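Chemist: Next come the chains, spelled out residue by residue.
Number of protein chains: 4
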Amino acid sequence: MDRIDQALYQRLQPIIDAQVFLKHLGVQIVELQPGRCEISLDYDQRWSQQDGFFHGGIVGTLADNSAGMAGASTMPEGRNCLTAEYKLNFIAPAKGETLIARANVIKAGRTLTVAESNIFIKSGSEERQVATALATLISV
Amino acid sequence: MDRIDQALYQRLQPIIDAQVFLKHLGVQIVELQPGRCEISLDYDQRWSQQDGFFHGGIVGTLADNSAGMAGASTMPEGRNCLTAEYKLNFIAPAKGETLIARANVIKAGRTLTVAESNIFIKSGSEERQVATALATLISV
Amino acid sequence: MDRIDQALYQRLQPIIDAQVFLKHLGVQIVELQPGRCEISLDYDQRWSQQDGFFHGGIVGTLADNSAGMAGASTMPEGRNCLTAEYKLNFIAPAKGETLIARANVIKAGRTLTVAESNIFIKSGSEERQVATALATLISV
Amino acid sequence: MDRIDQALYQRLQPIIDAQVFLKHLGVQIVELQPGRCEISLDYDQRWSQQDGFFHGGIVGTLADNSAGMAGASTMPEGRNCLTAEYKLNFIAPAKGETLIARANVIKAGRTLTVAESNIFIKSGSEERQVATALATLISV
Numbered sequence: 001m002d003r004i005d006q007a008l009y010q011r012l013q014p015i016i017d018a019q020v021f022l023k024h025l026g027v028q029i030v031e032l033q034p035g036r037c038e039i040s041l042d043y044d045q046r047w048s049q050q051d052g053f054f055h056g057g058i059v060g061t062l063a064d065n066s067a068g069m070a071g072a073s074t075m076p077e078g079r080n081c082l083t084a085e086y087k088l089n090f091i092a093p094a095k096g097e098t099l100i101a102r103a104n105v106i107k108a109g110r111t112l113t114v115a116e117s118n119i120f121i122k123s124g125s126e127e128r129q130v131a132t133a134l135a136t137l138i139s140v
Numbered sequence: 001m002d003r004i005d006q007a008l009y010q011r012l013q014p015i016i017d018a019q020v021f022l023k024h025l026g027v028q029i030v031e032l033q034p035g036r037c038e039i040s041l042d043y044d045q046r047w048s049q050q051d052g053f054f055h056g057g058i059v060g061t062l063a064d065n066s067a068g069m070a071g072a073s074t075m076p077e078g079r080n081c082l083t084a085e086y087k088l089n090f091i092a093p094a095k096g097e098t099l100i101a102r103a104n105v106i107k108a109g110r111t112l113t114v115a116e117s118n119i120f121i122k123s124g125s126e127e128r129q130v131a132t133a134l135a136t137l138i139s140v
Numbered sequence: 001m002d003r004i005d006q007a008l009y010q011r012l013q014p015i016i017d018a019q020v021f022l023k024h025l026g027v028q029i030v031e032l033q034p035g036r037c038e039i040s041l042d043y044d045q046r047w048s049q050q051d052g053f054f055h056g057g058i059v060g061t062l063a064d065n066s067a068g069m070a071g072a073s074t075m076p077e078g079r080n081c082l083t084a085e086y087k088l089n090f091i092a093p094a095k096g097e098t099l100i101a102r103a104n105v106i107k108a109g110r111t112l113t114v115a116e117s118n119i120f121i122k123s124g125s126e127e128r129q130v131a132t133a134l135a136t137l138i139s140v
Numbered sequence: 001m002d003r004i005d006q007a008l009y010q011r012l013q014p015i016i017d018a019q020v021f022l023k024h025l026g027v028q029i030v031e032l033q034p035g036r037c038e039i040s041l042d043y044d045q046r047w048s049q050q051d052g053f054f055h056g057g058i059v060g061t062l063a064d065n066s067a068g069m070a071g072a073s074t075m076p077e078g079r080n081c082l083t084a085e086y087k088l089n090f091i092a093p094a095k096g097e098t099l100i101a102r103a104n105v106i107k108a109g110r111t112l113t114v115a116e117s118n119i120f121i122k123s124g125s126e127e128r129q130v131a132t133a134l135a136t137l138i139s140v
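Protein chains in written order, with the working numbering: chain A, 1 to 140; chain B, 1 to 140; chain C, 1 to 140; chain D, 1 to 140.
Incorrect hints may have been included.
The list cannot tell twin chains apart, which means a pair is met if one copy fits it or any two copies do.
To be verified - 25 Å max Cα-Cα, derived PhoX-like pairs, lysine-lysine:
id, residue 1, residue 2
1, K122, K95
2, K107, K23
3, K107, K122
4, K107, K95
5, K23, K95
Everything labelled a hint here was simulated from the structure, so no lab data went into it. All values derive from a computational prediction rather than experimental measurement.
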């Protein structure tokens, strides 16, 4: 199955492209379906913390943005959403080559949408969860 | 009053210096006292989102790290703390020249420490709150 | 200073009165001002957990409701607010005679309002913080 | 399959029984397996808010306690866990006959355990999600 819904992609890719910081990092869309979004980021030493793992700020960035895009994917054309708030639990060190955030919408509402994002690290062929987040998005 | 407690600074500065991502961003320590930490980051277009304001991922990074350093400042020498989790509310766009995160410890415990961080944007001589966060830190 | 703004009280008291569970508990309004609300609950063994202290569910109830009322106090007549979400950190056991929740609005918005609530236990003449919460309210 | 692990039940039931507030409400254990717990509460007008639905404080109580018991179920005998913090999103009104909280452990750690709880309302033969929560538990 194609993991990218092309119509959605054409609608949302410009939003990612316009986010200079995400471009600077090199965040990529891996999956995009109504209510679901996966983004990833390859390791670079610039994104690291004191032990050489992905920095928590990068983990938070991917959690927040994947949830936001999952939310945006459920909105009618011309609408977008902003993150009103999120909560993130770190559960393991993000040591590996690729950081992956998989978000899905739990409840899509007219004004508020709730989404979760689970963040994983890929190291060789292994994947391990490093964080989990719960976000509230507001339609604008 | 000197806003930097020099003994604390010498203990914590290496931790910041070792966080390559924070160095890459250019995060600076403005205040450091037992239970209190202020850090700041000057605007650069690379840290921006679609409207040219500071990206939410940068706001989250400063919230998380300021809370962590406020927590670390209350720990005995040789101990550090990690962020177990945090929750962040965005309350206004981060449009301005300098992003400032002011964190203080609410409860310092043996194992868990709770800290809050309030994030402000400075634009000219004005300051405006852009986010508020509540974090749980674990002593390691 | 009178801690109760009578006009606000007359507008919000019916909302509390209509919440049967709060009446069942015996929650009382101690302070009510625009953007600020304090409620309290006297100890009863029915509200206790295994050690005889106030149960966490009661602490959460007061945190949520005090934040909601602080939010409601900033809204124009005819509008009310619902809790969209909250996050609560427990920081000490709620051992004492009276549980007190003090909430204040951090940011009042047209659609979303952010409020914090700090929860204290009064034991004799001493007061101790037992929890802190951050809530997002939606205007309805 | 028996939904109750009897060995676990005998270990955890006393903890529930000792929580007077949960007994007062009438909370029941529906499922208990390592890393998983479901509890429920039948509607009573005493637990209602202004529209006659389950009060948010009751929803929070079940979210917190189900997560705590899921966490406790993964701990070695003689250990228990306390809720350090939780975050709860309300997503629909809790209008119905039975409130059900289903919690599962996301990450069981030596000191900290992360669990989620999804809360549903049963109305006739239909079930609908009313809230979702993410909790951090500390082993004691």
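Chemist: For each hint, tell me whether it holds in the structure or not.
Modeler: Status of each hint after checking the structure:
1. K122 x K95: within (8 Å within a copy, 35 Å between copies)
2. K107 x K23: Cα proximity of K107 and K23: none, with 29 Å in one copy and 31 Å across.
3. K107 x K122: between (28 Å within a copy, 18 Å between copies)
4. K107 x K95: Between copies only: 17 Å across, 32 Å inside.
5. K23 x K95: Both ways: K23 and K95 sit 22 Å apart in one copy and 19 Å across, limit 25 Å.
When each numbered hint is compared with the structure, a violation occurs for hint 2 only.
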